[in-house]
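For the record, the sequence lines run as chains A and B.
Be aware that the first sequence starts at 476, since it is given in the working numbering, and climbs by one per residue.
Be aware that the second sequence starts at 476, since it is given in the working numbering, and climbs by one per residue.
No lab work stands behind these hints: they were computed from the structure.
A couple of the hints might just be wrong.
Since copy identity is lost for identical chains, a pair holds within one copy or between any two.
No more than 20 Å apart at the CA atoms, straight line, and that leaves these computed lysine to any residue pairs for SDA-like [said to hold, decoys possible]:
no.	residue 1	residue 2
1	LYS548	LEU497
2	LYS817	GLY730
3	LYS634	SER807
4	LYS825	SER523
5	LYS617	VAL742
6	LYS728	ASP780
7	LYS617	MET738
8	LYS825	ALA702
9	LYS548	GLY631
10	LYS617	ASN739
11	LYS617	ARG731
12	LYS617	PRO847
13	LYS825	THR490
14	LYS817	ARG726
15	LYS728	ALA783
16	LYS634	ALA724
17	LYS817	SER523
18	LYS728	ARG815
19	LYS634	ALA783
20	LYS617	HIS755
Number of protein chains: 2
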Amino acid sequence: MTIPTDSVGIVMPKTHHFDAPLALDCGRTLDGYDLVYETYGELNADRSNAMLICHALSSDHHAAGYHHENDPKPGWWETCIGPGKPIDTNRFFVVCPNNLGGCKGSTGPNTVKLDEESTGPNAVNPDTGKRYGLDFPIVTVKDWVRSQERLASMLGIDKWAAVAGGSLGGMQALQWAIDFPDRVDNAIIIAAAPRLSAQNIAFNEVARQAILSDPDFYNGRYYEYDALPRRGLMVARMLGHITYLCEDAMRDKFGRELHAGGMNFSVSDTEFQVQGYLQHQGEAFVDHFDANTYLLMTKALDYFDPAADHGDDLAEALSCIDARCFVVSFTSDWRFSPVRSKEIVDAMIKAHVDVSYAEVEEQNGHDAFLMPIPYYLEVFHAFTKSIAL
Amino acid sequence: MTIPTDSVGIVMPKTHHFDAPLALDCGRTLDGYDLVYETYGELNADRSNAMLICHALSSDHHAAGYHHENDPKPGWWETCIGPGKPIDTNRFFVVCPNNLGGCKGSTGPNTVKLDEESTGPNAVNPDTGKRYGLDFPIVTVKDWVRSQERLASMLGIDKWAAVAGGSLGGMQALQWAIDFPDRVDNAIIIAAAPRLSAQNIAFNEVARQAILSDPDFYNGRYYEYDALPRRGLMVARMLGHITYLCEDAMRDKFGRELHAGGMNFSVSDTEFQVQGYLQHQGEAFVDHFDANTYLLMTKALDYFDPAADHGDDLAEALSCIDARCFVVSFTSDWRFSPVRSKEIVDAMIKAHVDVSYAEVEEQNGHDAFLMPIPYYLEVFHAFTKSIAL
Numbered sequence: 476m477t478i479p480t481d482s483v484g485i486v487m488p489k490t491h492h493f494d495a496p497l498a499l500d501c502g503r504t505l506d507g508y509d510l511v512y513e514t515y516g517e518l519n520a521d522r523s524n525a526m527l528i529c530h531a532l533s534s535d536h537h538a539a540g541y542h543h544e545n546d547p548k549p550g551w552w553e554t555c556i557g558p559g560k561p562i563d564t565n566r567f568f569v570v571c572p573n574n575l576g577g578c579k580g581s582t583g584p585n586t587v588k589l590d591e592e593s594t595g596p597n598a599v600n601p602d603t604g605k606r607y608g609l610d611f612p613i614v615t616v617k618d619w620v621r622s623q624e625r626l627a628s629m630l631g632i633d634k635w636a637a638v639a640g641g642s643l644g645g646m647q648a649l650q651w652a653i654d655f656p657d658r659v660d661n662a663i664i665i666a667a668a669p670r671l672s673a674q675n676i677a678f679n680e681v682a683r684q685a686i687l688s689d690p691d692f693y694n695g696r697y698y699e700y701d702a703l704p705r706r707g708l709m710v711a712r713m714l715g716h717i718t719y720l721c722e723d724a725m726r727d728k729f730g731r732e733l734h735a736g737g738m739n740f741s742v743s744d745t746e747f748q749v750q751g752y753l754q755h756q757g758e759a760f761v762d763h764f765d766a767n768t769y770l771l772m773t774k775a776l777d778y779f780d781p782a783a784d785h786g787d788d789l790a791e792a793l794s795c796i797d798a799r800c801f802v803v804s805f806t807s808d809w810r811f812s813p814v815r816s817k818e819i820v821d822a823m824i825k826a827h828v829d830v831s832y833a834e835v836e837e838q839n840g841h842d843a844f845l846m847p848i849p850y851y852l853e854v855f856h857a858f859t860k861s862i863a864l
Numbered sequence: 476m477t478i479p480t481d482s483v484g485i486v487m488p489k490t491h492h493f494d495a496p497l498a499l500d501c502g503r504t505l506d507g508y509d510l511v512y513e514t515y516g517e518l519n520a521d522r523s524n525a526m527l528i529c530h531a532l533s534s535d536h537h538a539a540g541y542h543h544e545n546d547p548k549p550g551w552w553e554t555c556i557g558p559g560k561p562i563d564t565n566r567f568f569v570v571c572p573n574n575l576g577g578c579k580g581s582t583g584p585n586t587v588k589l590d591e592e593s594t595g596p597n598a599v600n601p602d603t604g605k606r607y608g609l610d611f612p613i614v615t616v617k618d619w620v621r622s623q624e625r626l627a628s629m630l631g632i633d634k635w636a637a638v639a640g641g642s643l644g645g646m647q648a649l650q651w652a653i654d655f656p657d658r659v660d661n662a663i664i665i666a667a668a669p670r671l672s673a674q675n676i677a678f679n680e681v682a683r684q685a686i687l688s689d690p691d692f693y694n695g696r697y698y699e700y701d702a703l704p705r706r707g708l709m710v711a712r713m714l715g716h717i718t719y720l721c722e723d724a725m726r727d728k729f730g731r732e733l734h735a736g737g738m739n740f741s742v743s744d745t746e747f748q749v750q751g752y753l754q755h756q757g758e759a760f761v762d763h764f765d766a767n768t769y770l771l772m773t774k775a776l777d778y779f780d781p782a783a784d785h786g787d788d789l790a791e792a793l794s795c796i797d798a799r800c801f802v803v804s805f806t807s808d809w810r811f812s813p814v815r816s817k818e819i820v821d822a823m824i825k826a827h828v829d830v831s832y833a834e835v836e837e838q839n840g841h842d843a844f845l846m847p848i849p850y851y852l853e854v855f856h857a858f859t860k861s862i863a864l
C-alpha cells in the first residue's frame, strides 16, 4: 500500500503514567492512571501550536495516519487531520489521547488495577492479572478534561491553540473551554449538544440493557470467564448505527434492496441489505471494543450537562469561556441535530462568547462529522486558518 | 369499578375454527386455523353496518370494553370505539380479530399444531402439547386479510362498511381495500405507511436480534424449556417505545428528571426517569406477549409493500380500490411520519381513488393514534358519520 501524501504517515502511540491521584466526579479517586495518545506534526518553539483532539463514544487515540505500512485503514479523523487538511499538521502539533475508561490502552475497565502485578495496562496476562471490569469508576466529561489537562502539562503545553472534537468529543471541547478558560484559545465543537435529550438517554439505556442482560456479561467480569457479551454489544452497536445514519442516508444506501439470497420468509434470515449492514457493523465491533467501556462512555454522555451546575442556565455556564468557539452541525443529523447546536450558539451569544456557527447541508446524519464533505472541510479549514499561532 | 357509560361495557371474546386450508404468501399452507375475535354493537338486518378493526404489532382482539367488572383497563382503542365515539357502536357492528400468528388465542407460535391432541389453542397442557414456535409460518399482511375475509363470510358480512386500523392495522385496512375492492366500502388508514423505510426495517432488525440472541430463546422453542427470552423481548420493547414516542413527547414527559434515587454513578442504576419508564414498559410486556409472535409481526411489517407487485408503482397498486379512503397522520409521528401517509394519499389521488386526508398537529408521536386528541377524534368521527349504512 502507498500511504497518501496528505496523510501524517506512520505513527506510533505513546503512553504516559500519571502518578498523582485523580479525584473523580463520582466521589472516587484513581490513585494514578495511564493515558495512551498519539501526536502528529511538530510542537513549535514557543509551544503555541498544539491542538487537542477529543474522541467520541467508540473511538480512540488513533485519529490519523497508519500504524504500519500495510495498515488497511487510517485513523478515524483522517479526513480532517494531515498536511493541508483543516487540522493542518504542517501548522499544528496535534495530540489525541484515548479517554480514561477507554479500552485501547488508557486506564479503563479492561486494564488491571495498578496495585496489582502489572507493567502496563496491556502488558499483563489476562489469565493472571485482575481487570477492573465494572469496578472501574464512572468517569464524566469533566473527569476526562481534568485527566487531559495533566497530559497538556506533561507535554509542556500551557495553552491549547485549539481543542476540537465531534459528538462526545465536541462535548469535551466545550467542557475544556468552560473548565480551563485560560488554557484554551479556540474550541471546535462539532455535531454535539449541550446535554442529552430524553430520547438520547433512552437509546443509551436500551444499548446498556442489551449488554447488561447478556448472560456472558457476568456483571462486567467476563474477562475472568473467558467470555465476551458479544450478543449484547452487537445489539447495542446496531442500535447505535441507526442513530448515526439518518433515514435518508439509509434509504439512499440500502432502500428496500434485498440481499443476494432474496426473500426467505424466515425471522432470522438476512433479507434486506440494511439488515446485513447492521449485523456486519455489530459483529465487527465486538471483536475490537470493550463492553464495559461502551457502558462507561454512554454514561458519560448521559451525565454531560454543563448547565446543571448553574441552575440550568446554559448561558451562565458558558459565560466564563474565553476561547473563540466554532460550532458545526449537519442538517441530517438527528442524534444531535442543528437545533441542539444552536442551543449552544445562542447561549454563547447571550454570554458574549466569540462564536462562529456553520450548519452543513448534507445527507449523512451524525456520522457526517467524519466524512469528506467539501463545504464542511472548507469552513472547518477557514476557521483553523484564522487561528493565530 | 364503574364502567363508563360511553364504553361498550363487558365483552367476551369468541373463537372460530376455520377448516379449509389457507395458502400463505410464504408458500406454506395452514391446514386450518382458529381466530379469536371480539364484537361490539349489533349487526343490522341487512348486514351493512359491520366495521372491521385491524390491530397493530403488539395488540390483539380486545379493542374496546372490559373483560370483567374489575378489569383495571379497557381494550386498546377504547378512546375511539364505543357509543357516541368515532367508531360509534350505536351505529356500527364492530369486529376485531387477533391476527394469525398472534399470541392471544388465534393460531400462532404459542398454540399447538392442529394435528396434535388439542381441543383449542389455549386448552392444551403446555407440558404435553407441542407448540409451533418458530415452525409457525411467516404470515404477511395479505395473509391476514385473506384469513379475515373468511371471518367476514362466516359472520355473513358480504361487505364491510369500513375496515379501520392504525399503524400495522392501517396497512391491513389498505391491503383489504386493494385485495377485496368489492367487500370494503370505506378504508380508514391511520398512522401508516405504504411500506417500511430502511430505518424502519433497521429498528425491527435490532429488536429481532435482541430476541434471537437471548440464550433463553432456544431457537423459538422456549416453551419446551420452561423458559422465556425475557431480556431480549424487554430490549425489543424498550426500543419499540422509543419509536412510538417522539423526542418532544419524551422531553415533556421526562426531560432529564432524575429518579427518586438521584445520581448513583453506576452503569446499571436507573437514574433518569426515562430509563425507569422504558424498563417498566419492557418488563411489563414480557409477561403478556409472546416473543415468537413479536418476531412474526415485525416481519409482516418488513414485507408489507403493495407497490412491489406493480413494478414499485404505488398508484398502479392502488388503482383497483373502490372504497372511499380516509388517511390520518400525526405531525410528531416519526415512525410513520405524515410524509409517508402523503405517499399513500398522493398515489390514491393519482389513481382516482376517493380519499380524504387529515394531518393532526400534536406532540405524542406514533402512539397518538391511540390517544384522545380532540381534533383527531373530531375528524375521525366526521368521516365515520359520513358512512352511509
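Do the hints match the structure? See the list:
1. Within a single copy, LYS548 and LEU497 get their C-alpha atoms no closer than 35 Å, and across copies no closer than 53 Å, so neither meets the 20 Å cut-off.
2. Taking identical chains as interchangeable, the C-alpha atoms of LYS817 and GLY730 lie at most 20 Å apart only when they sit on different chains, with a minimum of 19 Å there against 31 Å within one chain.
3. Proximity of LYS634 to SER807 under the C-alpha cut-off of 20 Å is found in neither arrangement, the shortest distances being 34 Å within a copy and 46 Å between copies.
4. Proximity of LYS825 and SER523 under a CA criterion of 20 Å is satisfied in neither setting, with 29 Å inside one chain copy and 65 Å between copies.
5. In this homomeric assembly, LYS617 and VAL742 come within 20 Å of each other (Cα to Cα) only across copies, at 17 Å, whereas the closest approach inside a single copy is 44 Å.
6. In this assembly of identical chains, the alpha carbons of LYS728 and ASP780 lie at most 20 Å apart only when taken from different copies (19 Å versus 34 Å within one copy).
7. Proximity of LYS617 to MET738 under the C-alpha cut-off of 20 Å is restricted to the inter-copy arrangement: shortest distance 16 Å between copies versus 50 Å within a copy.
8. When the C-alpha separation of LYS825 and ALA702 is checked against a cutoff of 20 Å, the pair qualifies neither within a copy, at 51 Å, nor between copies, at 58 Å.
9. Taking the shortest alpha-carbon separations for LYS548 and GLY631, neither the intra-copy value of 31 Å nor the inter-copy value of 67 Å comes in at or below 20 Å.
10. Taking the shortest Cα distances, LYS617 and ASN739 sit within 20 Å of each other only across copies (17 Å), while inside one copy they are farther apart (50 Å).
11. Taking the closest pair of Cα atoms, LYS617 and ARG731 come within 20 Å of each other only across two copies (19 Å); inside a single copy the shortest separation is 43 Å, beyond that limit.
12. In the homo-oligomer, the alpha carbons of LYS617 and PRO847 never lie at most 20 Å apart, since the shortest distance is 30 Å inside one protomer and 44 Å across protomers.
13. When the C-alpha separation of LYS825 and THR490 is checked against a cutoff of 20 Å, the pair qualifies neither within a copy, at 41 Å, nor between copies, at 66 Å.
14. In this homomeric assembly, LYS817 and ARG726 come within 20 Å of each other (Cα to Cα) only across copies, at 17 Å, whereas the closest approach inside a single copy is 27 Å.
15. In this assembly of identical chains, the alpha carbons of LYS728 and ALA783 lie at most 20 Å apart only when taken from different copies (19 Å versus 39 Å within one copy).
16. Proximity of LYS634 to ALA724 under the C-alpha cut-off of 20 Å is found in neither arrangement, the shortest distances being 39 Å within a copy and 43 Å between copies.
17. Neither within a single protomer nor between protomers do LYS817 and SER523 lie at most 20 Å apart by alpha-carbon distance, with minima of 30 Å and 56 Å respectively.
18. In this assembly of identical chains, the alpha carbons of LYS728 and ARG815 lie at most 20 Å apart only when taken from different copies (19 Å versus 26 Å within one copy).
19. In the homo-oligomer, the alpha carbons of LYS634 and ALA783 never lie at most 20 Å apart, since the shortest distance is 26 Å inside one protomer and 60 Å across protomers.
20. With identical chains, the CA atoms of LYS617 and HIS755 are never at most 20 Å apart, being 34 Å at best within one copy and 31 Å at best between copies.
Hint compliance for this structure: hints 1, 3, 4, 8, 9, 12, 13, 16, 17, 19 and 20 are not met, and every other hint is.
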